[in-house]
Structure formats: C-alpha cells, structure tokens
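K.L.:
Here's the letter readout for the chains.
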Amino acid sequence: MTGHWMFHCKDVSRKVSETMDRKLPFHHRILIRVHLMMCKYCARFRQQLLLLRKASRIDDLTGDARNQDLSLSVEARSRMKNALKSLNEH
Amino acid sequence: MIEHLIPEPEEWVEKYGDALFRFAVARIKDPSQAEELVQETFLAALRARKNFKGRSSPKTWLIAILKHKIIDHFRKKKPEVSRVDIERFSESGDHPFNKRGAWENRPAQWGANPGKIFEQKEFLDVFYQCLSGLPERIANAFILREVDGLDTEEICKILKITASNCWVMLYRARTHLRHCLERNWLEGKG
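Quick mapping for you: the protein sequence lines, in order, are chains A and B.
Each residue of the first sequence is one higher than the one before, counting from 0 in numbering that gives the first Met the number 0.
Each residue of the second sequence is one higher than the one before, counting from 0 in numbering that gives the first Met the number 0.
Hints are computed from structural coordinates only; laboratory data are not their basis.
Don't take every hint at face value.
To be verified - To spell it out: a stretch of chain B is covered by chain A in this simulated footprint if at least three of its residues, at any positions, have a beta carbon under 8 Å from a beta carbon of chain A; those stretches are:
| # | stretch |
| --- | --- |
| 1 | 3 to 17 |
| 2 | 67 to 74 |
| 3 | 101 to 112 |
| 4 | 122 to 129 |
| 5 | 135 to 149 |
| 6 | 171 to 184 |
Claimed, not checked - Which residues of chain A face chain B? A few of them, derived with a C-beta cut under 10 Å, are:
| # | residue |
| --- | --- |
| 7 | Asp-10 |
| 8 | Arg-32 |
| 9 | Arg-43 |
| 10 | Ser-70 |
| 11 | Arg-76 |
| 12 | Ala-82 |
| 13 | Leu-83 |
Said to hold, decoys possible - Cross-link-like lysine-lysine pairs, in silico, DSSO-like; alpha carbons within 27 Å at most:
| # | chain 1 | residue 1 | chain 2 | residue 2 |
| --- | --- | --- | --- | --- |
| 14 | B | Lys-58 | A | Lys-80 |
| 15 | B | Lys-98 | A | Lys-9 |
| 16 | B | Lys-115 | A | Lys-84 |
| 17 | A | Lys-84 | B | Lys-68 |
| 18 | A | Lys-53 | B | Lys-52 |
| 19 | B | Lys-115 | A | Lys-53 |
Where a beta carbon is used, it is the ideal one built from N, C-alpha and C, also for glycine.
Let the sequences and hints guide you as you build the complete structure.
P.N.:
Following this line, the structure appears as structure tokens:
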C-alpha cells in the first residue's frame, strides 16, 4: 500500500519506533493512527516492534516453565558460593 | 512504590541460582556454559551491588545482568547466521521501502497468534542470536532501552549521543532485528 496523506510508510515506520521512546506531537499521533488503520503492513510492523520489546523484557516465563525440574548441581552451588565469598572478602 | 531490598550475597545462590540457571539454559542450551554465566552474573552483581536501587526485585535485577552476559556470550561466539544476515541487510540500506516510501519488502505475518510466539523456543533463541549480531553501538542502545528499560535521556548520557541520534539508532536496531527474526526464525520454521 502506498503512503496516505502526508506520511509514507517509511515515515510511519520511523514514527512508530519513535513513539516507543517519546511522546510525539498530537497531530503526528493522529496522522499515524489514521495511517495504521488503513495500512495493514505498517500496523503489522508496529505490532512486531512491540513484540520485540516484550521479548527483550521477558524475565522468566519460557525458561522457567520449560525447565521446571532443572537445577544447579551441588558442585556448581558450592563453587558459586565460594567465589562470591572470596570476592566479598576482598 | 515498594522498595525492594537485596538479600546478603551468601543467600543469592540458594534463592536465585536455579531461576537464573533455567533462564540461561533456555537460551544457550549448554548447561556447563549456563552455569558459568550464572556464576559471572553473581560476581558482577556483587561488584555492582551499590547500583541496586530497589526499583525492581532482586531477581529481575539479576536476570537483567544475566541477559547482558548471554548477549556477550553470543557475541564472542560470532553467530554465523545473524551477523552475515545483518551485514547484507545494511549494505542494501533502507531496502524495505521503495523510492516513493512505500513497502518494498512487506512485513510477513508472524503466525496466527503472535502473542504466543514466545512459547516457541526457537523464537527466543533466534532473537538472542539476532541481537548479538547487531553492530555494537546499535546493540548497546537497544539493550539499554529495551532490556534495561532506560529512557532516551539516560541512554544519551551513557552513549554520549544526541536524542535524535538515539531514536535513529533504536529504529535501526528494531528494523534489523525484525528483519533478522523474520528471515532466520519464520523462514526456518516454514
């Protein structure tokens, strides 16, 4: 789909990224919103950038859920404790 | 706002060791490497303990440190797919768009239910590989913003860049990552 109104898809893709980092002026927000309603590729692009943000901020879910029974070995535990202890004493 | 306190270091291994270990194994697979990264995380956390401001839980703080370690780990390993892929992508400039500013390479659909993609193990594997394949400064900006959640102002100070520079770098990071994932995860899957 080609650009709508004053913003082309290329502009919108930049603005979509920028809205994740700062608040854009009101009229820009409106133009972007209108464009996103009409252009499924830009809308998809935005959704995917938000997914990237989510993937970066995931704390535990997948790792924890999948490997519920995994745990550090006894040796690893004591090695880590010793390493922490000796660094802490210095 | 709740202020979190961090337990004494001698309690860390018992309290957080398994969670960090699982997080690392889920991403790098090799358990002995994962153990090593967990240990490095604890030691880095101990050195940086005074930076813990209590804004997040100690576990979240430790996992953020671990994420940096995992990214470094991939960086050292020089991932074949993503780095080459990104270089190729950069060479061709802003090629997703044509001269009129419309999509040339349109974003593909990421599965029927994009909200569930994190349940697919490969997604996060490829995500970390793509992240570690970004040019260093761009990766740093992205990590500070998205992994650590800092705002533009703080990132500008750390990287000594202007705000508009920062937005451009974040845009580049995001578009490269998006593209790298689409190539290496989506196409690999299908």
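K.L.:
If you test the structure against every hint from before, which numbers come out violated?
P.N.:
The structure breaks hints 2, 8, 16; every other hint is satisfied.
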